[in-house]
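There are 2 protein chains.
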Amino acid sequence: MVEKKISIAVINRLPKYLRYLEELAKEGVKGVSSQELSELTGFTASQIRQDFNNFGGFGQQGFGYNVESLREEIGKIVGEDMLKNAVLVGAGNLGKTIAKYPGFRNVGLNIIGLFDRNPNNIGQDIDGIQIQDVKNLENFLQNKKVHIGIITVDKESAQDIADLYVKYNLEGIWNFAPIDLDVPENVCVENVRFTESLLVLSYFLKNK
Amino acid sequence: MVEKKISIAVINRLPKYLRYLEELAKEGVKGVSSQELSELTGFTASQIRQDFNNFGGFGQQGFGYNVESLREEIGKIVGEDMLKNAVLVGAGNLGKTIAKYPGFRNVGLNIIGLFDRNPNNIGQDIDGIQIQDVKNLENFLQNKKVHIGIITVDKESAQDIADLYVKYNLEGIWNFAPIDLDVPENVCVENVRFTESLLVLSYFLKNK
Numbered sequence: 074m075v076e077k078k079i080s081i082a083v084i085n086r087l088p089k090y091l092r093y094l095e096e097l098a099k100e101g102v103k104g105v106s107s108q109e110l111s112e113l114t115g116f117t118a119s120q121i122r123q124d125f126n127n128f129g130g131f132g133q134q135g136f137g138y139n140v141e142s143l144r145e146e147i148g149k150i151v152g153e154d155m156l157k158n159a160v161l162v163g164a165g166n167l168g169k170t171i172a173k174y175p176g177f178r179n180v181g182l183n184i185i186g187l188f189d190r191n192p193n194n195i196g197q198d199i200d201g202i203q204i205q206d207v208k209n210l211e212n213f214l215q216n217k218k219v220h221i222g223i224i225t226v227d228k229e230s231a232q233d234i235a236d237l238y239v240k241y242n243l244e245g246i247w248n249f250a251p252i253d254l255d256v257p258e259n260v261c262v263e264n265v266r267f268t269e270s271l272l273v274l275s276y277f278l279k280n281k
Numbered sequence: 074m075v076e077k078k079i080s081i082a083v084i085n086r087l088p089k090y091l092r093y094l095e096e097l098a099k100e101g102v103k104g105v106s107s108q109e110l111s112e113l114t115g116f117t118a119s120q121i122r123q124d125f126n127n128f129g130g131f132g133q134q135g136f137g138y139n140v141e142s143l144r145e146e147i148g149k150i151v152g153e154d155m156l157k158n159a160v161l162v163g164a165g166n167l168g169k170t171i172a173k174y175p176g177f178r179n180v181g182l183n184i185i186g187l188f189d190r191n192p193n194n195i196g197q198d199i200d201g202i203q204i205q206d207v208k209n210l211e212n213f214l215q216n217k218k219v220h221i222g223i224i225t226v227d228k229e230s231a232q233d234i235a236d237l238y239v240k241y242n243l244e245g246i247w248n249f250a251p252i253d254l255d256v257p258e259n260v261c262v263e264n265v266r267f268t269e270s271l272l273v274l275s276y277f278l279k280n281k
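First to last, the sequence lines map onto chains A and B. All letters in the first sequence, in the order written, are residues 74 to 281 by the working numbering. All letters in the second sequence, in the order written, are residues 74 to 281 by the working numbering.
Note that these hints are calculated values from the structure, not bench results. None of the values given here were measured: they were computed from a predicted structure. A few of these clues could be false.
Think about it this way: if two alpha-carbon atoms lie no more than 27 Å apart in a straight line, the pair counts; the simulated BS3-like pairs of lysine-lysine are [unchecked claim]:
| no. | chain 1 | residue 1 | chain 2 | residue 2 |
| --- | --- | --- | --- | --- |
| 1 | A | K281 | B | K279 |
| 2 | A | K217 | B | K279 |
| 3 | B | K228 | A | K149 |
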């Protein structure tokens, strides 16, 4: 479907559109204009139309967009409809939060393995999945089809886990450790950076 | 120090510079060029020099930057040196992770209150702070100087908590709930968006 190179800025906006379209669909709203989407998202109406034009435009000018079909189209573009098997290493508080969050399942994340090195965590059951010793990770990756590797270990261990994910041909890494992972170009890495986010807030408090 | 309007893109890059400068300082490196910083961060050397020029430039052209003083200067700009009292509402797994993470204290975050509505969490001690009933939040905010409010509750409760933070004149909100909070313009909101991050990863897996 996507033929030309889409900029990362556009891609970063797609999940936000999706979030608002889901809200609108839940409220039973059938149609929405780019102007209305602008008021919800804070992006300009022309920005929104430009973004959508990257994917063929979706709507009819002047008639607005059909909420349900727009939601479905954008959902397909971001791959919400694609089941992605995932493993998670680092099943402490953060790892458990992620493993338990039902919203991720709604967007296709299917966590099939949880791993930790802490004996206090190993053996615990998180929504039907038992936390295993991280020593079993390599064997697990050898035997299962896994698409995404989640990293919620400390920064000292993160690269080792990433190396294993790369060795077993995982396609993407969702990284919560505060380091830049060194991986081949064909492996997608998406980082969640708590400290950087906090420092941006701190900047605005200091400079407002 | 900051006199002109700095773009959000520049501000978003500052924490990354800081992270690498801390690594370099730890390794005992004294000086660094914009070229070396470029290799570490992935930003171009000219981008880095432009960014630094927003704040007076820091270094001497041709001699590179002094790691320790650059780290200190950027730390001051982002307000790392400023102690920010914070409360957190939603002391489940995610809230506990945040409350326990030592790295946030290093950048000036001083969590002084933890609140939850779940009786199983209330009364638990997290690194010396007892989780209180969220019913006590308003009284707490009335009596303490709090700068930052952290929101780790579900999206249904997030706006109510934000309203309380606004009522008691908190300066900034660090929001982990998947909604856009409605707050006055003088209140800074920084969002951490797990699902949006996951969907960006999902997009790249689907379209690579």
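To see whether the hints hold, each was checked on the structure:
no., hint, result
1, A:K281 with B:K279, "40 Å, violated"
2, A:K217 with B:K279, "20 Å, holds"
3, B:K228 with A:K149, "24 Å, holds"
Going down the numbered hints, you'll see the structure goes against just number 1.
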